[in-house]
Amino acid sequence: MRTGTWVGADAHAIARAVHRREVSARAVVEEHLAHIDDGNPQLNAIVTVATEQARRAADVLDDRLACGEPPGPLAGVPFTVKDLVTTAGLRTTAGSRALADNVPGVDAPAVAAMKAAGAILIGKTNTPEFGTSGLTDNELFGPTVNPLGTADLPRSPGGSSGGEAAAIASGMSVLGLGTDFGGSVRWPAHCTGLASIRPTAGRVCADGQYPGVVAGDHLLANPVTVHGALQTIGPMARSLNEAALVLRVVSEPHIAWVDPASVDVDRLDLTWAPGEGTVPVAADIVAAVTEVAGRLGARRYGGSALGEGNGLFGRLRATQTHADIIASSAPDMFGASIRQMLSAARAESSAEVEELWVTRTRFVQRLLAEMGDLLVLPVASIGAPLLGCDRFDVDGRSLTWQEALASCRTISVAGFPSLVVPVGETGDGMPIGVQLVARPFHEHVALAVAARLCRVARVR
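The opening position of the sequence shown corresponds to residue 1 in full-length UniProt numbering, with each subsequent residue numbered one higher.
You may find that some hints are simply not true.
[To be verified] Label-pair ranges, simulated between beta-carbon atoms:
id, residue 1, residue 2, range
1, Met-333, Val-60, 45 to 53 Å
2, Pro-154, Asp-393, 16 to 24 Å
3, Ser-349, Arg-295, 31 to 39 Å
4, Arg-391, Ala-66, 41 to 49 Å
5, Glu-52, Cys-389, 33 to 41 Å
6, Ile-255, Val-358, 42 to 50 Å
To be clear, the hints were calculated from the coordinates, so they are not data collected in a lab.
Small disclaimer: the values here were computed from a predicted structure and weren't measured.
We treat Cβ as the ideally placed atom computed from N, Cα and C, and that holds for glycine.
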């Protein structure tokens with residue numbers, strides 16, 4: 001058996017070697033646990049290490065293989081889960097003191113699907129409290145550091161799946177499950193050079209995410225909140241093929257999987273835009289998106305719906321009273337940012353809320369009519385920010401992190417699937433990712449276009 005070579009290996013290679021018994025699942029897990037011991041104190045990416053749970057799961061898998069049982073497509077592959085997503089027997093804090101000792105009784109369905117495929121859960125990753133920021137920091141665990149930064153210029157991995165991105169980019173984890181409301185798997189992937197997928201709302205079961213509705217041992221998505229309607233669980237990985245494998249594993253079984261290889265990319269109507277139209281985007285990021293569009297032969301987006309999405313996201317977001325968060329604890333257990341958010345919330349009338357959802361429906365139909373089969377967009381206005389910064393100058397305008405994520409928020413409110421792959425670097429050496437946005441439940445189209453892009457641009 002080989003040893004000492006599995007940190008940094010991709011999921012396919014690990015699963016194949018474990019299946020063939022060229023390496024034990026236990027050995028793969030031990031290497032990654034040792035790597036966590038070495039690297040996590042500097043990065044603060046993993047907030048709960050599942051040491052004994054991972055060892056037990058690996059030993060069970062090795063015993064099954066010894067008996068000739070089928071191991072699953074992710075056999076022995078270590079994975080991590082954002083600390084907003086419930087994990088049985090392993091604490092899930094949502095980055096909040098209110099849930100610091102919370103140990104769920106059941107896995108989120110997406111986590112259960114990963115385990116059923118043979119993957120080994122090795123830890124929970126840092127997130128801003130209840131995932132409410134695009135910068136990964138909280139009063140319980142502190143900030144996560146981007147592994148691509150330097151000691152003199154430390155960077156943020158973005159958020160809110162920033163701990164997940166840092167864990168994978170540093171090799172402490174092979175695969176991960178993040179959540180995405182306004183860009184939370186796409187923006188961290190962009191900041192750390194990863195691939196990620198925000199699936200169509202409904203492709204992956206949304207249960208098991210905070211904030212949600214507690215029902216016995218289960219945490220259910222709330223169907224009448226903006227979070228419950230729009231937030232998705234999505235895969236993160238170091239390569240496109242690995243992210244696609246995770247998406248296939250965690251997708252709802254009743255939703256048909258279409259092979260991306262069946263898509264004739266040359267016959268697709270591809271469009272592109274340098275941003276959503278209301279917030280400036282840094283010139284080096286626009287240049288990268290423009291080059292991608294040229295390589296793909298995309299035409300310039302000429303519609304008007306795109307420019308309405310970010311504002312609509314903000315208006316819908318403002319209708320939330322955050323009752324699911326309030327129900328989880330006494331107010332003094334929340335951090336300052338959550339207390340401020342709760343104090344600013346105001347109840348809208350039912351008529352106002354319903355009218356916003358009507359507006360959203362019309363927005364979706366207009367964007368579908370204008371975007372073609374796939375839309376190429378920036379992920380964000382900036383690259384990975386300096387750690388601790390929360391305002392960003394672009395073309396003389398000072399942006400909040402919410403404004404910097406305008407292109408992500410626009411796609412979130414539409415509910416469309418969006419895949420991110422790295423395509424270049426900013427002027428200061430940070431990664432640049434690009435969004436490939438497909439029509440609902442057409443992830444296979446985005447994957448096919450991304451595969452073409454990876455071939456012509458020589459990215460992973």
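- Hint by hint, which ones does this structure get wrong, listed from lowest number up? Going through the list in order, the structure violates hints 1, 3, 4, 6 and respects the others.
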